[in-house]
Each structure stands twice: as C-alpha cells, then as structure tokens.
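Visitor: Knowing the structure of chain E, use the given hints to seat chain G on it.
As you go down the protein sequences, you meet chains E and G in turn.
Residues are numbered in our numbering as their position in the first sequence, beginning at 1, plus a constant of 1.
Residues are numbered in our numbering as their position in the second sequence, beginning at 1, plus a constant of 1.
Calculated directly from the structure, the hints in this document are not laboratory data.
We put the beta carbon where it would ideally sit given N, CA and C, even for glycine.
Treat the hints with care, as some may be off.
[To be verified] To spell it out: a stretch of chain E is covered by chain G in this simulated footprint if at least three of its residues, at any positions, have a beta carbon under 8 Å from a beta carbon of chain G; those stretches are:
no.: 1; region: 137–145
no.: 2; region: 171–183
no.: 3; region: 209–215
no.: 4; region: 236–246
no.: 5; region: 347–360
[Claimed, not checked] Restraint ranges, calculated between C-beta atoms of paired labels, are given here:
no.: 6; chain 1: G; residue 1: Pro-139; chain 2: E; residue 2: Glu-14; range: 27 to 35 Å
no.: 7; chain 1: G; residue 1: Ala-192; chain 2: E; residue 2: Gly-305; range: 27 to 35 Å
no.: 8; chain 1: G; residue 1: Arg-438; chain 2: E; residue 2: Gly-305; range: 29 to 37 Å
no.: 9; chain 1: E; residue 1: Asp-91; chain 2: G; residue 2: Pro-139; range: 34 to 42 Å
no.: 10; chain 1: E; residue 1: Arg-465; chain 2: G; residue 2: Ala-192; range: 44 to 52 Å
no.: 11; chain 1: E; residue 1: Asp-89; chain 2: G; residue 2: Phe-470; range: 54 to 62 Å
[Claimed, not checked] Distance condition first, Cα-Cα at most 20 Å in a straight line; then the derived DMTMM-like pairs of lysine to aspartate or glutamate:
no.: 12; chain 1: G; residue 1: Lys-104; chain 2: E; residue 2: Glu-171
no.: 13; chain 1: E; residue 1: Lys-264; chain 2: E; residue 2: Asp-236
no.: 14; chain 1: E; residue 1: Lys-104; chain 2: G; residue 2: Glu-171
As a plain string of letters, each chain reads:
Protein chains: 2
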Amino acid sequence: MKRYERFAEQIAELIRSGVLAPGERVPSVRHASRTYGVSPSTVFQAYYLLEDRGLIGARARSGYFVREHARRPLHEPQIGPRTAQTTDVDVSDLVFSVLGSIKDPHTVPFGSAFPSPHLFPLPRLARSMAQALRGLSPHTVVADMTAGNPDLRRQIALRYMVSGVRLELEELVISNGALEALNLCLQTVTAPGDLVAIEAPAFYATLQVLERLKLKAVEIPVHPREGIDLDTLADSLQRLPIKACWFMSGLQNPLGATMSEEKKRALYELLHRHQVPLIEDDVYAELHYGPTPPKPVKSFDRDGLVMHCGSFSKSLAPGYRVGWVAGGRYAERIQRLKLMTTLSPSVPAQAAIADYLQHGGYDRHLRRLRYALEDQQGSMLASAARHFPEGTRVTRPTGGYFLWFEFPAQVDSLQLFQLALAQGISLAPGPIFSATRRFQNCARLNHGYPWDEQSERAMEILGRILATF
Amino acid sequence: MKRYERFAEQIAELIRSGVLAPGERVPSVRHASRTYGVSPSTVFQAYYLLEDRGLIGARARSGYFVREHARRPLHEPQIGPRTAQTTDVDVSDLVFSVLGSIKDPHTVPFGSAFPSPHLFPLPRLARSMAQALRGLSPHTVVADMTAGNPDLRRQIALRYMVSGVRLELEELVISNGALEALNLCLQTVTAPGDLVAIEAPAFYATLQVLERLKLKAVEIPVHPREGIDLDTLADSLQRLPIKACWFMSGLQNPLGATMSEEKKRALYELLHRHQVPLIEDDVYAELHYGPTPPKPVKSFDRDGLVMHCGSFSKSLAPGYRVGWVAGGRYAERIQRLKLMTTLSPSVPAQAAIADYLQHGGYDRHLRRLRYALEDQQGSMLASAARHFPEGTRVTRPTGGYFLWFEFPAQVDSLQLFQLALAQGISLAPGPIFSATRRFQNCARLNHGYPWDEQSERAMEILGRILATF
Chain E
2 MKRYERFAEQ
12 IAELIRSGVL
22 APGERVPSVR
32 HASRTYGVSP
42 STVFQAYYLL
52 EDRGLIGARA
62 RSGYFVREHA
72 RRPLHEPQIG
82 PRTAQTTDVD
92 VSDLVFSVLG
102 SIKDPHTVPF
112 GSAFPSPHLF
122 PLPRLARSMA
132 QALRGLSPHT
142 VVADMTAGNP
152 DLRRQIALRY
162 MVSGVRLELE
172 ELVISNGALE
182 ALNLCLQTVT
192 APGDLVAIEA
202 PAFYATLQVL
212 ERLKLKAVEI
222 PVHPREGIDL
232 DTLADSLQRL
242 PIKACWFMSG
252 LQNPLGATMS
262 EEKKRALYEL
272 LHRHQVPLIE
282 DDVYAELHYG
292 PTPPKPVKSF
302 DRDGLVMHCG
312 SFSKSLAPGY
322 RVGWVAGGRY
332 AERIQRLKLM
342 TTLSPSVPAQ
352 AAIADYLQHG
362 GYDRHLRRLR
372 YALEDQQGSM
382 LASAARHFPE
392 GTRVTRPTGG
402 YFLWFEFPAQ
412 VDSLQLFQLA
422 LAQGISLAPG
432 PIFSATRRFQ
442 NCARLNHGYP
452 WDEQSERAME
462 ILGRILATF
Chain G
2 MKRYERFAEQ
12 IAELIRSGVL
22 APGERVPSVR
32 HASRTYGVSP
42 STVFQAYYLL
52 EDRGLIGARA
62 RSGYFVREHA
72 RRPLHEPQIG
82 PRTAQTTDVD
92 VSDLVFSVLG
102 SIKDPHTVPF
112 GSAFPSPHLF
122 PLPRLARSMA
132 QALRGLSPHT
142 VVADMTAGNP
152 DLRRQIALRY
162 MVSGVRLELE
172 ELVISNGALE
182 ALNLCLQTVT
192 APGDLVAIEA
202 PAFYATLQVL
212 ERLKLKAVEI
222 PVHPREGIDL
232 DTLADSLQRL
242 PIKACWFMSG
252 LQNPLGATMS
262 EEKKRALYEL
272 LHRHQVPLIE
282 DDVYAELHYG
292 PTPPKPVKSF
302 DRDGLVMHCG
312 SFSKSLAPGY
322 RVGWVAGGRY
332 AERIQRLKLM
342 TTLSPSVPAQ
352 AAIADYLQHG
362 GYDRHLRRLR
372 YALEDQQGSM
382 LASAARHFPE
392 GTRVTRPTGG
402 YFLWFEFPAQ
412 VDSLQLFQLA
422 LAQGISLAPG
432 PIFSATRRFQ
442 NCARLNHGYP
452 WDEQSERAME
462 ILGRILATF
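Bound-form chain E, shown alone (with noise of 0.2 Å):
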C-alpha cells in the first residue's frame, strides 16, 4: 500500500468512527501536512482518492467537507432476545417464491444476493480462461479433477499466509462455489436429526440446507456490529448436544456484524473446549472496507476443527462456481464425499482463476472492489435517511454490500416485499432469515449496484410504501 493510500485509510477511518462527522471540514491539506508529518502532495492524492470513493466532497474555495452519506441519522437495530430457540426447519418454499420473484433483469435488484457483476473484471478473467486453456495439457484435464487444479491450491493457500493463516495444502477441497463446500461439511459432521447452533438472523441457504439434511436448528441471537452472542452459545453448548456451529464470524450475513478477533479467540476456545466443530462461513472475507483483512476463526485453530470455507463468486468470478474449504481434520472425509456427488468443480474455471491470481492483479481488483461498494453503501444509508420513515433503524457494515433495516413494529416485511415488486423493486424480507419466521419488520436491501437515478426513485417509493403501515 502506497503512503498517500496509507494516509487516506486514516481519514476513512476517523469518518467511519465518527471522529470526523458528516458535513465537517476535512483538515487543509497544510495543516494535515505538518500535523501527520506527510508531504503536501501525498495529502492532496489521498484526498483525491477519498473525493472518489465518496467519502469527502470538495466545495468551492472551502476545501474538503465529510459527506453526507458518512453521517448516521439512523440507529443501530436492537438485538433480538438473547435465548437460544431450538426448532426444526421449513422455510425453503418461501425462500424459492421470494428468490423465483426477482428473476426479472427490469427489477431494481435491493433483493439480489450478488452484487452488480459489472463489478468484475470479466474480460481480464477470459483471458486468463483462453491463457489457462492453451497451457492445459489432457491429461491434466482428467487427473485435476480429483485434487482440484495445484495452481490454484497453491494460491489459495498462500492468499491465507498473507492473511496470517498457516495451511497444510492437504487440508484444501475444491468446491462447486462456497455452498457446496458447507453442504459437504455439514454432512461430515452431522446425521440427520441433529442440533446445529446458527445464527439469528442467518443467511436463508443455511435455513434451507438444515432443512434438506433434517437438522434441527438452535438460533443462536447475532448482535448487529459485534456478532454472534457467546453466552447465549456458550449456555446452550452447554445444555444441548449441539453438533456443529455454522457462523459467519466476518461481515455476517445479512447483519453484517464482524467479530472482533478478541471474540473470535474466545469463540473458538469455547468450542474446542466442548470439541463441537465449527463451520465457518467467510465468502465475504475480502470485502472489508478497511486496509486489513480482519482473521478468521481458523487463525485461531489449533486442531483441525475448524471448516473455513471461501468462495470467488462474491469477490472475483461470479458464475465460475470455485469456491473452497480449508477442512481440518475433516478434509479428506469432506473431499471423499465431493467424489461421491459432483465428483469435481469444473476445471477451466479453476485454471482460470489460478491463471488471474498469479497475473491478473486480483489485489488492484478488490481494492477498487471495495471502494465502490463502500461508495454505493453511504449512497443508500443517505438515501434512506432521506425516505424511510421515522423510527427505521439500519446497520452500518464495515464492508459488503447488505444493509440490515428494521422498520417500524407495525411494518409486515413479506407484505412490502409484495407491494415493492409490484412497483419493479426486489428485497429481501426478515423472515426468510429465520427458521422462526422473526424478524417480520426487517429487510435486507442489496447495495452491490452503482448508485444511480432509478436507485434514489426506487428508495423513495419504498418509502412511500413503507408510511402506510
């Protein structure tokens, strides 16, 4: 990271922390010169940098001012009650009408999972893809298909060095996308009819997967910056014999809390104590906003039982279905069980992907990744600040591309999901996050997609509908 880069990831964060607030002076370029000890030059690129990523705004002969997209009008929302419910699930039907309903490519996409896939180098990756090809040797293309492509083993594994993890490259299974990785690892560790601890609210394809393997699940209340609450697991590890934790200790889904890693130390602590293995969901790993990738759980991991699984559909290749799971001491009952079912992901798509981590510039790519979604992010929380009714409380996520609302008690969620299809807008209604149908009154709202004109209508109508409940 460049010096300006560096200076300009400080001043994100005092307006992220609200040190510096919306509509307040940016210090002048001489003053933060002699204060941070930085050449004038190096301040005024990272103020161009932090004009562009739209956190500061320049106005005429009066320097640089926190936009108003940094401020936070709107509160945080509460935690749900903090006990533990255990309850068989059957939620996959609403799910399905929910997802079969925003197909339409004419729906303003605040319900879709992906972000905008213009976002994604795709031209450089068909290069990698027509490079990857020419060097594919036949017989390479049978036998990669058991242990998965070694490039693209090699650089999966060292993205995790960087990232301060130490991998034994035996423990990496290839995958068809992140959800087969956690399909497979659930399986290995459960049989049907055991207790799984999930989050609440948790990501609808964890619902639906526990509901396809007939687990039961223990909800387990997320609290919406810190995430997943420790004594409620720790009483119900306790109490219950819980089988496996399936978490996302980073940018949670769809809440987007991040564990701090003092947490997640006692996190995995307090699971190898009752040796339940953790599942650890972590496809959105490389959205933070910040300069560091905050550590896995599996930094913490001492023996094997932790499953970390990542994915490139929601940071690079979309489609490509190449997703991963550093398994423990799981791995090669996990990889045997991907032999039983889908035998192999797809092989090109993994020497294409390997060929544009080794020279495509993955690292340039999520940088500018992460600026536009951070961008984008204080474009809605505006935008809803401006629209949405009194009393509607929204997360603030340090990176990603979701925002978690809790309207106002009266709001029925599904019955706006309805009413905003009807207008041409998709979201993502509270109670598919739910194996207990909560969260009646929340959405969650898509900001993967640049900003625009018809973004801004489609808020405004969503809070016109949202004023008459």
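Guide: Below, chain G alone, put in the same frame as chain E:
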C-alpha cells in the same frame, strides 16, 4: 450420413454379427458394387473407412480381409444367479483405495473410468470457450446460474428430439456432471432406509451414493448382452417396497449391455404399473458404434416417471463438469435441490459447450471417437485372446470403452489388482461393482486409450499373472 458411410456400416454390421468371420475375404469391389448396387468408388471409400477403423486389412494383391481382432475367440461371461439380493452398502473404502492407487500417470490406465483425453477436441473447445466468453454479458453470468445457459438447454433438447425423444424444455436441469444429477434424482425420490433397485454388477459410484444416502440396494442381475433381468425385477417389485430404480439401459457400466427397444418398453410398462420412478443413467449414450443411437427408456415415458441423466464428460468435455437430467415430473424438485447444494454448474463451461454444439462439429467428432473406440476394442479383444488363460470370458459391447472379463474361478481379482499395480498396470477389480462383493474373478478393463506396444505388453503381463492363480 454419406452413401459410402452407410455402405461401410452395412459391412461392419456383417462383421459384428459374425456373418463375415475373422480372416475371411471381404467381397471384391466389383462384386460388392454389383451386389449392393453402389458405385465402385463408394465401395472403395467404404473399405478405406473400414480399414481406418481397424475392422478390415488389405493384403497385397488379395484384396481386403476381416481382421483378426474382429473375431471372438473368448466366450461371453455367464449371468449370475437370477435372484435379487437386498443389502446394506459398504464398499466406499474399497473403491477409494482402488481409485486412489491408479493416479500415477505412468500406470497403464486399464483401470481408468475415462477414455484418453487425447480423443477429445480440447483445442476446438477452447476456441468455443473464448467465443462464448466474448458473448457473455455480465448480467448473464449471474442470471444463468439459476436457470442454466438457455442455448445449452435448447441444444440438448434438440439432440433429444433428433433421437426421437420429445422433451419439454422445463424438464431439463443442467448439473455438475451426470454424477450430481444422479445424486439429486435419488435424493428427490428416496429417504434414508429406502430400497433402491440397482444392477449387479453396477457402476461403483452407484454403490457409493447408496451408501452415502443410507439406502438399501436390491441387486438385479444383468445379462452381459441383453441387460437387466426383467423377471427378477418384476418379482422384486412385487415383493419389496422398492422406491426407485437406478439402471443403465444402454452400454451398461461395467458390462456394456444394451437392452433392446422392446425390452426397454417392457421395463417402462413394468415400472409404470408399479409407479416406481426410473433413474436412467445414460452417460455413454453417444458412444454406440452402430449408426443409429439406441432409444432410451425415456422415449417411452408417458407421464414423467423417468429421470434421464446425461453428460458431456465421456463424449466431449471431460473436466468441464456439465451434465443434465431430463427430470420428468420430478424436475422442479431436482432443480430446487440443486439450488440448495451447488447452486449451478460453471457458467463459462456451459456457454463453451453450447457454442461448441452449435458450431464445433459435434457429430463429426463423435464419429471419429466411436471409430477409435471400436478399433481399440478390437485390439484389446485380440490381445486378450492371445494372452489370457483358457476359460477366460469377455463381453463385446456395441459401444463404449470397457470390456468385462470373467477369469477362471480361482482368480482373485483384488489380488490380481495388487499384483498388476506393482507392475505399473491398473484395472478395476470385480468386487468394487457389487454391494455384496461378488464378481471376485472378474475385472473391468478400459480400452479408451490408443492401443500401442505398451498396452500389448501390459496385456501380456496380466496374462502371466493370471496364469499364476
């Protein structure tokens, strides 16, 4: 098909059926031209083609003769006891230890499950991939994940139509190879503990999948030429609460049996009476040596009882991992299950194959592939006749790249496997094809690789090991 190809096919049929015996002289050009009412140049072209396919050879000044490999010195294997066996399945460890041991690229790959990757048009596919990626809009990359590539779906439906199967486009679910399709089908129509009728011998992955899903196998004997024993099946359906059948009606793995059309119809009517769904595993459909593709059982399906699974892995694009199922009345449930487990096969791989099917010359490639496989089959048969002990029996499938050998009763094929592997030769021992570990004196050998001196030497070594039992 051109006139000379049609004529060549007539002669090939005479050789296959034994009307023209090995060593026998093929009709002279003049004679053939007169008898069959075709021009001499057509006969010439046909004979060149047959020579190319290794079916006939020219002798100086004496014309063409049927080559030795086309004779059949070894008898057909005997069909097992005509009784169904019901059993738990526990064969996975054995299968993995066999598969794991044949990874070394220097091993003679008689144990491989794939034909030589050199037989596939990989460079042409790479061009289709480049073309497809240029045409792929970012929106499509995300949209195609749920529904599958629409061009690919149309092309697959078209091939069904050409081979006489009418299909609703909605029935088609694109999957990560046929293996995923088969898994999804089975999960859709069964629950743990259910009975599933399978073949004996059966493809070992079938056994692994049953084991994984905790299903019980009812093994129905397969005749090496005529396929599944319908009487035993009828009896089993009468007596037992069988929930599904998983059969290969064409080029059954490992025997290579292809049921007659009449028998397929009878099978369908039988299942229809009992309303038991059929999972029809038809991954070798394109590898028939004869000119006309055999119709699948699916072609008789009146009410969506048959789930017909296919793949490009064995005929075009190994490693791309693109298969499908025409799921009949179960299609929607299969599709939902897929959305919950792997979401989608790789979008670029789908697009590349769609482009190839439209512009790449699939039928031309298939013709060449079939010729090569038939030629290699002849070579392996001839070599077995030279080297394997008295009393060895062998199948002679009308397609594909597997031969099933039944050795004298005292041969232990697991031991044979170990001894051969020590000499750098792999093979697939009989017991991995049975839930009850039968077929101890049998083995499946792959002739999907170009026949060369190394192959010949390997057969000789196998023969010497066999003689020691």
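Visitor: Compare the structure with each hint and give your call.
Guide: Do the hints match the structure? See the list:
1. 137–145: holds (count 7)
2. 171–183: holds (count 4)
3. 209–215: holds (count 3)
4. 236–246: violated (count 0)
5. 347–360: holds (count 5)
6. G:Pro-139 x E:Glu-14: 27 to 35 Å: holds (32 Å)
7. G:Ala-192 x E:Gly-305: 27 to 35 Å: holds (32 Å)
8. G:Arg-438 x E:Gly-305: 29 to 37 Å: holds (33 Å)
9. E:Asp-91 x G:Pro-139: 34 to 42 Å: holds (35 Å)
10. E:Arg-465 x G:Ala-192: 44 to 52 Å: holds (48 Å)
11. E:Asp-89 x G:Phe-470: 54 to 62 Å: Check passed, 56 Å falls within 54 to 62 Å.
12. G:Lys-104 x E:Glu-171: holds (16 Å)
13. E:Lys-264 x E:Asp-236: Holds. Lys-264 of chain E to Asp-236 of chain E sits at ~16 Å (cutoff 20 Å).
14. E:Lys-104 x G:Glu-171: Holds. Lys-104 of chain E to Glu-171 of chain G sits at ~16 Å (cutoff 20 Å).
Of the hints listed earlier, the one the structure fails to meet is number 4.
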